[in-house]
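Quick note, the sequences are listed as chains A and B, same order.
Under the numbering used here, the first residue of the first sequence is numbered 1, with each subsequent residue one higher.
Under the numbering used here, the first residue of the second sequence is numbered 1, with each subsequent residue one higher.
Be aware that a few hints might be false.
[Stated by the list, open to error] Label-pair ranges, simulated between beta-carbon atoms:
| no. | chain 1 | residue 1 | chain 2 | residue 2 | range |
| --- | --- | --- | --- | --- | --- |
| 1 | A | 123 | B | 278 | 53 to 61 Å |
| 2 | B | 237 | A | 231 | 29 to 37 Å |
| 3 | A | 468 | B | 253 | 54 to 62 Å |
| 4 | A | 68 | B | 256 | 57 to 65 Å |
| 5 | B | 308 | A | 468 | 50 to 58 Å |
| 6 | B | 56 | A | 426 | 45 to 53 Å |
| 7 | B | 76 | A | 427 | 42 to 50 Å |
| 8 | B | 131 | A | 68 | 30 to 38 Å |
| 9 | B | 56 | A | 195 | 46 to 54 Å |
| 10 | B | 205 | A | 65 | 48 to 56 Å |
| 11 | B | 76 | A | 297 | 19 to 27 Å |
[Said to hold, decoys possible] Now the stretches of chain A that chain B is said to cover, found in silico as 3 or more residues with beta-carbon under 8 Å:
| no. | segment |
| --- | --- |
| 12 | 65–79 |
| 13 | 246–255 |
| 14 | 278–285 |
| 15 | 298–305 |
| 16 | 342–356 |
| 17 | 361–375 |
| 18 | 451–459 |
[As the list claims (entries may be wrong)] Subject to a maximum C-alpha distance of 20 Å in a straight line, what follows is the list of computed EDC-like cross-link-like pairs (lysine to aspartate or glutamate):
| no. | chain 1 | residue 1 | chain 2 | residue 2 |
| --- | --- | --- | --- | --- |
| 19 | B | 107 | A | 75 |
| 20 | B | 112 | B | 186 |
| 21 | A | 348 | B | 224 |
| 22 | B | 107 | A | 247 |
| 23 | B | 308 | B | 224 |
| 24 | B | 51 | A | 75 |
Keep in mind that the hints were calculated from the coordinates and are not lab data.
Glycine included, every Cβ here is placed at the ideal spot set by N, Cα and C.
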Amino acid sequence: MAITEQDVQASEDAPSVNYLNNGYGLKSWLLTKDHKRIAVLYIISISIFFALGGLFASLVRFELMTPEGDLMSSDTYNKVFSMHGIIMVFFFLVPSIPATIGNFLVPIMVGAKDLAFPRVNLLSWYVYVVAGILGTIAVVGGGVDTGWTFYTPYSSTYSNSNVILAAMAAFMAGFSSILTGLNFVVTIHTMRAPGMTWFRLPLFVWSHYATSLIMLLGTPVIAITLVLLMLERGFGFGFFDPNLGGDPVLFQHLFWFYSHPAVYIMILPSMGVMSEMVASVARKRVFGYEFVAFSSVAIAILGFLVWGHHMFVSSQSTYAGMVFSIITFLVAVPSAIKTFNWTATLYKGSIVYDTAMFYVYGYLGLFLVGGLTGLFLSSMGLDIHLHDTYFVVAHFHYIMVGGQVMGYLGGMHFWWPKITGKMFPDIWGRVSALLVFLGFNLTFFPQFILGYMGMPRRYHVYPDEFQVLNVASSMGASILALGYLVPGAYLTWSIFKGPKAPDNPWGAKGLEWETTSPPPTFNFEETPVVTEEAYQYGPIEEH
Amino acid sequence: MQTDFPLFPDQASSFAFHVDALYFGILALCVFFALIVVILVVIFAIKYQRKSDDEVPRQIAGHLGLEIFWTAIPAVLALGVFVWATVLYFHLITPPPNAMEMYVVGKQWMWKLQHPEGKKEINELHVPLGESVRLTMTSEDVLHSFYIPAFRVKKDVVPGRYTNLWFKATQVGSYHLFCAEFCGTEHSRMIGTVHVLEPQDYEAWLTGGTANEPMEVAGERLFEQYACHTCHKMDGTGRGPSLAGLFGKTVALEGGGTALVDEAYIRESILNPSAKIMAGYKPIMPTFKGQISEEGIIQLIAYIKSLKAPELTSME
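One chain only, chain A, in its complex shape (with noise of 0.2 Å):
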């Protein structure tokens, strides 16, 4: 643990007993029931994961700078997409933010020592450890071919690789998120301090409250949906194979019933990351505050409604059809809601160019690219077209990479003072961000142009026309993995050499800065009374 060697020295100078130095060795760190610690527990696990489906992602792109399949055969190629995906989504995605930077921040936030059951907690680390491990034995063993979405009869009878494992793997994974979902709804409705009211609640905490709501309510039903699918594979019961009387089309209805709202997991955290993150660069209270928090609620309401726009050329009735197509228009509301209030809130503020602003800005700029480009998916008329190509490969990686990824890594640079407490070099944090937005554009841009000419998704070979578009995307892929080993090299760095944080770096409201960076153990030295609105940086003027 290298987290902890350092300490030996950092807490020579340090004031206090803190969270990092209360205890040394590993034992201290797998038992603990610290949030905090489980967080960076988390952080370590999900890193390890990302930098492994990042590979899968290399792979990929690697492939596809030519036209013919010459790295690699069909087999394995189906393998490596299926695994980044799988491993992006269930292993890196879902939690990223939650069980991160929520599982630091959340209790602090609302002023409390800790979780509601811490116990659960630790548990929910340990589950995603044995489910990680699930799924690199699947992916050790031979892999999984199926995709990420497990469509059936394929993955239930015809494919010839380690299904069952890989569902197993994603299975227990949403024990974990169900688990942190549950922890988080209990701590905001019952461990909020004196004073703290629900509108008074960071954005941040309301993101996640949402969040947790779609974790608890649809993690279940994928849950049984691969339960199912195992059944089917393993024991020959006919749920979605037509052979066995059962109907594919059930399988796609079951899986996004809870794949879609799981988009929004994948988004709702950045939105608050970005929210808290915002106020502070302009030092000024978020622009409609209820308005941005009821929107967090609006989009994990209106996002259980909307899954069948994965399905308009599945052979849905078109009236079904119908009605997911104008609730997906309806979610883009609540996303411009949020759009337009970041923008004002930046209107006569006090503009900082720090690393947070650059992703503040490079967040807004993918977010509102991926969010705008739903709306050609969500109309029944152009999705015809659109279905299964790479507009869709590019609409979603904005989404949860320009989006999710982002929001990670701005708020993994935010917090950093608190979490480690130290500082970071500002001038890499801002080349980061630069890397990360400038990369990610060249590499997910064309692949809009790929898919309106007709490129279709997980094509290993393809047409000779796609070829200069995929060139493209390749190189800005290799701009964008160094925009991610950057990072990983200037904040490890910061670990051992960097200089002591202050408590409050960026001179930000919340509580999380009132208290020592890094925190002590129980997070306060005496339980915070809240006596004001959040973001409150001067007296508010009604407008």
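Fit chain B to the known structure of chain A by using the hints.
For chain B alone, kept in the frame of chain A given last:
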């Protein structure tokens, strides 16, 4: 057909223009909104850059009017796009009644296509210019998806059921046919070519090469081979209903309810005969599941479609 570095697909069907118009319409809307936000945040960044470290700006809580404004405008525009896109969708899924029928069976990893005149093709489809073509499609194994980008049409091909797709080609040429739904190892090689020919060239192509028996003739042969005709007598005296003139009718079912006799109903009646029994008949027909190929079923359907109602011999 293709330049070396195209950025836009061919417009080769009657839909292509309308789909592209919707695409550019939404694109214009998106660019408009994105520009507003981008221009504003850039101006704000320049104008409101932090001057000193202890600067605290005036705090603004919010503005109800603005919130309503930027909730209502996107909502109204989104609903407008919804209406536009949905009207187009209905056009895209509703074939004209006189469309030519063709049949598609997908399997790992090839497309098998058949023309009513009997001509069979693999991974190639020849169609006449300016004619509406309606495809009836199914799969022998996993999900596939039939996709012709130049026509802007796509539909999943699902085992166990029929799906339909139609188009009218408007430009002579050869175009990509892709499988768009991941279907296993050779998914990216489950591709083909659609050839749009002038009508006279199409006729020449249809009659050239090896002669195939028309689908309804092949279907009639299967009808006798599987002894369907012993029960389904044309004069209605058999143990099963007469199939003459039955296609396209709505029939009453044993135990109540009605069913439209379409491709899916005939397919179900062959594979799972007792699912929907016509009123007045007994569930005595055996299943033919696993005995007839998907192509055979389609030929039987073509034959049953061709059976005209018997001429009325007496007037009432």
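Status of the hints after comparison with the structure:
1. 123/A to 278/B: 53 to 61 Å: holds (59 Å)
2. 237/B to 231/A: 29 to 37 Å: violated (48 Å)
3. 468/A to 253/B: 54 to 62 Å: For residue 468/A and residue 253/B the Cβ distance comes to about 58 Å; the hint holds.
4. 68/A to 256/B: 57 to 65 Å: The hint (57 to 65 Å, Cβ to Cβ) holds, given that residue 68/A and residue 256/B are roughly 59 Å apart.
5. 308/B to 468/A: 50 to 58 Å: The hinted range 50 to 58 Å holds for residue 308/B and residue 468/A, with Cβ atoms some 56 Å apart.
6. 56/B to 426/A: 45 to 53 Å: violated (21 Å)
7. 76/B to 427/A: 42 to 50 Å: holds (45 Å)
8. 131/B to 68/A: 30 to 38 Å: Once the Cβ atoms are compared, 36 Å apart, the range 30 to 38 Å for residue 68/A and residue 131/B holds.
9. 56/B to 195/A: 46 to 54 Å: Given a distance of about 22 Å, which is not inside 46 to 54 Å, the answer is violated.
10. 205/B to 65/A: 48 to 56 Å: Hint violated: Cβ distance 38 Å, outside 48 to 56 Å.
11. 76/B to 297/A: 19 to 27 Å: holds (22 Å)
12. 65–79: It holds, with 4 qualifying residues against the three required.
13. 246–255: holds (count 3)
14. 278–285: holds (count 4)
15. 298–305: violated (count 0)
16. 342–356: It holds: at least three residues are needed, and the segment 342–356 of chain A offers 10 whose Cβ sits within less than 8 Å of chain B.
17. 361–375: Three-residue rule met by the segment 361–375 of chain A, so holds; n is 8.
18. 451–459: holds (count 7)
19. 107/B to 75/A: holds (17 Å)
20. 112/B to 186/B: OK: residue 112/B and residue 186/B at ~16 Å, within 20 Å.
21. 348/A to 224/B: violated (84 Å)
22. 107/B to 247/A: holds (17 Å)
23. 308/B to 224/B: holds (18 Å)
24. 51/B to 75/A: violated (58 Å)
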